[in-house]
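S.K.: Line by line, the protein sequences give chains P and G. Residue 315 in the working numbering sits at position 315 of the first sequence, with consecutive numbering throughout. Residue 4 in the working numbering sits at position 4 of the second sequence, with consecutive numbering throughout.
No wet-lab data here; the hints were simulated from the structure. Worth double-checking, as some hints may not be accurate.
Which chain P residues face chain G? A few, computed with CB under 8 angstroms, are given here [stated by the list, open to error]:
hint	residue
1	207
2	248
3	249
4	254
5	258
6	273
7	310
8	312
9	353
10	363
11	367
DEER-style ranges, computed between Cβ atoms [what the hints assert, rightly or not]:
hint	chain 1	residue 1	chain 2	residue 2	range
12	P	210	G	105	46 to 56 angstroms
13	P	356	G	144	37 to 47 angstroms
14	P	361	G	42	30 to 40 angstroms
15	G	82	P	255	35 to 45 angstroms
16	G	77	P	356	47 to 57 angstroms
17	P	205	G	77	54 to 64 angstroms
18	P	351	G	74	18 to 28 angstroms
19	G	126	P	257	55 to 65 angstroms
20	G	80	P	134	54 to 64 angstroms
21	G	136	P	295	17 to 27 angstroms
22	P	273	G	105	38 to 48 angstroms
23	G	80	P	149	52 to 62 angstroms
24	P	82	G	144	52 to 62 angstroms
25	P	111	G	32	22 to 32 angstroms
Cβ coordinates follow ideal geometry from the N, Cα and C atoms, glycine included.
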Amino acid sequence: MKVNSILKSENGDIFETVKSFFTKLFEEGVIDYLLVPQRISEGKTLTQTLIKGVDYLDGVNPFSPVMAINSAKLASQVGIAETDKKVGVVLKPCEIRALIELVKLNQAKLDNLVIIGIDCAGTFEIEQWAKLVEESGDAIAKETEVLKDIYAGKTDYAEEDAPIRLRSACQICDRFTHDKADITLSILGMEDDVLVKLEDELAAKLGLEAAEAPSSHKDVLEDMKNARTYKRESAFDEFRDKMQSMNDMADILATCTRCYACQTACPICYCRVCFFRTETFSPEPARILRWADKEGALRMPTEILLYHLTRLNHVAASCVGCGMCESSCARGIPLSILFQSVGNEVQKKLEYIPGMNIDEELPVATFKQEETI
Amino acid sequence: MSNQIDKDNFEPKIVAFLCHWCSYKAADLAGTSRLAYPTNVRTIRTMCSGSVDPVYIIKALLDGADGVLVGGCVLGDCHYQSGNYKARRKMIILHAQLRALGIDEDRVWLRWISASDGVMFRDVIFEMVEALKAKGPNPMKNPWDIWKSAKGGWKPKTINSPRGE
Ligand code: SF4
Ligand code: SF4
Ligand code: FES
Numbered sequence: 001m002k003v004n005s006i007l008k009s010e011n012g013d014i015f016e017t018v019k020s021f022f023t024k025l026f027e028e029g030v031i032d033y034l035l036v037p038q039r040i041s042e043g044k045t046l047t048q049t050l051i052k053g054v055d056y057l058d059g060v061n062p063f064s065p066v067m068a069i070n071s072a073k074l075a076s077q078v079g080i081a082e083t084d085k086k087v088g089v090v091l092k093p094c095e096i097r098a099l100i101e102l103v104k105l106n107q108a109k110l111d112n113l114v115i116i117g118i119d120c121a122g123t124f125e126i127e128q129w130a131k132l133v134e135e136s137g138d139a140i141a142k143e144t145e146v147l148k149d150i151y152a153g154k155t156d157y158a159e160e161d162a163p164i165r166l167r168s169a170c171q172i173c174d175r176f177t178h179d180k181a182d183i184t185l186s187i188l189g190m191e192d193d194v195l196v197k198l199e200d201e202l203a204a205k206l207g208l209e210a211a212e213a214p215s216s217h218k219d220v221l222e223d224m225k226n227a228r229t230y231k232r233e234s235a236f237d238e239f240r241d242k243m244q245s246m247n248d249m250a251d252i253l254a255t256c257t258r259c260y261a262c263q264t265a266c267p268i269c270y271c272r273v274c275f276f277r278t279e280t281f282s283p284e285p286a287r288i289l290r291w292a293d294k295e296g297a298l299r300m301p302t303e304i305l306l307y308h309l310t311r312l313n314h315v316a317a318s319c320v321g322c323g324m325c326e327s328s329c330a331r332g333i334p335l336s337i338l339f340q341s342v343g344n345e346v347q348k349k350l351e352y353i354p355g356m357n358i359d360e361e362l363p364v365a366t367f368k369q370e371e372t373i
Numbered sequence: 001m002s003n004q005i006d007k008d009n010f011e012p013k014i015v016a017f018l019c020h021w022c023s024y025k026a027a028d029l030a031g032t033s034r035l036a037y038p039t040n041v042r043t044i045r046t047m048c049s050g051s052v053d054p055v056y057i058i059k060a061l062l063d064g065a066d067g068v069l070v071g072g073c074v075l076g077d078c079h080y081q082s083g084n085y086k087a088r089r090k091m092i093i094l095h096a097q098l099r100a101l102g103i104d105e106d107r108v109w110l111r112w113i114s115a116s117d118g119v120m121f122r123d124v125i126f127e128m129v130e131a132l133k134a135k136g137p138n139p140m141k142n143p144w145d146i147w148k149s150a151k152g153g154w155k156p157k158t159i160n161s162p163r164g165e
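Isolated chain P (complex conformation) (with noise of 0.2 angstroms):
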């Protein structure tokens, strides 16, 4: 039975409570390993790392404000099945749902891994991230306050003229717990406090009591899951209120060049070599005049519409809207709504909700006797 407990934190400094939190998984031997966001760059961002022991855990920051990769894929790197090692891997609830779904591809092992997840309020552009802290002159100080504002629930940043605002996928997510994490941390309406959810035993092992979560975290979480869904609502009315056609879908791409970062920053994207980068799309020159002379005008480079409409087919009922896509372009295209837009849809027609459920088959791998189209 899962039961929560309070890590309180000394001079309301939730780093340490966190730090020395980690420090325990170690040395009870839950963890050898942990998969973490760190500070680097002088606390200018936060990367990924994986660290061997209680030696490297200064400046890490499980609640990172910058999410630089959707770490499932970092978790699918180190999970084995023939293993005694155990690897902590802290992820945001995006992050667990699509390590779920490559487990069911195929692509990731749960055996040694133990998921600790984490409440989440949302990330910010690293670029913009960057530029802010910088501007501040303390990076740490910055980072404290601003968590501490979007962890309270305010909704400052997801406002137009905030100084800087929640990625465009954060702000839609109203699916930001994850209940399937074998550890949760949560910060969400704690003050300055670390509430943890555990196992009964594990809590027994690591010698934490058992105590209730307080009503603040209760009624942020309740107000920001509110909040997030009506704004995600809206976003998809007006994503549908604005295709009517075709011109629509080319309208949002037309600057796309395929050089495919939404492709490799994508979680979901499965195939090992993708078909777009065979030599079927790297046709010979007299190919492209060919088709140059059949078109008349042909928009180059060629294909961008049918790579996206593909891509979009492929990776819809398992679109799990961590909007890596759209953080990764160089264009600044809106793919965050127009991949979560289409993956609505089709999770809704298909009742599947994506890196929820372990044992419910992909879509594609099965199928009902009596659907209709």
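Chain P is already provided as a structure; the job is to place chain G with the ligands on it using the hints.
M.R.: For chain G with the ligands alone, coordinates are given in the frame of chain P:
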């Protein structure tokens, strides 16, 4: 160009992906039984309806087809047990996707036509030609027109993407 064609003289092009074991045989049977059907259809034989990845359907639509037909065995009769059930799943996803994008999904049909049913094959082609004539030419088939007439009204900046700001 295509938008100037008047609807009465418009002859839709249909690309039909037909499974080797049933629908393709039905098309063959329609031929050998001398059942007359419109010449608007180009058939492509596949081993199973389940093997038709939507990429081929989308490619056909972007490259000039006005409609795409995927034909498979009657449910329960797929040579590979469940290929046609999976084809149906793929079609569910494709249709929902096209709907979400404001693209007409009714240009893509899925039909179960058994090997002995040349008559049904003929009827489906007649029916599809009629339906596509009513719709007119597929707006997806002139790629350059699509790009050019993109309204430019929805630039990355205007969607609430912090990237564009
Ligand atoms: S990252 Fe952007 S430019 Fe590159 S292929 Fe994706 S949408 Fe196109
Ligand atoms: S399509 Fe975009 S939002 Fe969806 S899982 Fe892939 S990267 Fe994340
Ligand atoms: S063989 Fe005909 S549908 Fe599978």
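S.K.: Which of the numbered hints above does this structure break?
M.R.: As far as the earlier hints go, 1, 5, 6, 9, 16, 19, 22, 25 are violated by this structure, in ascending order.
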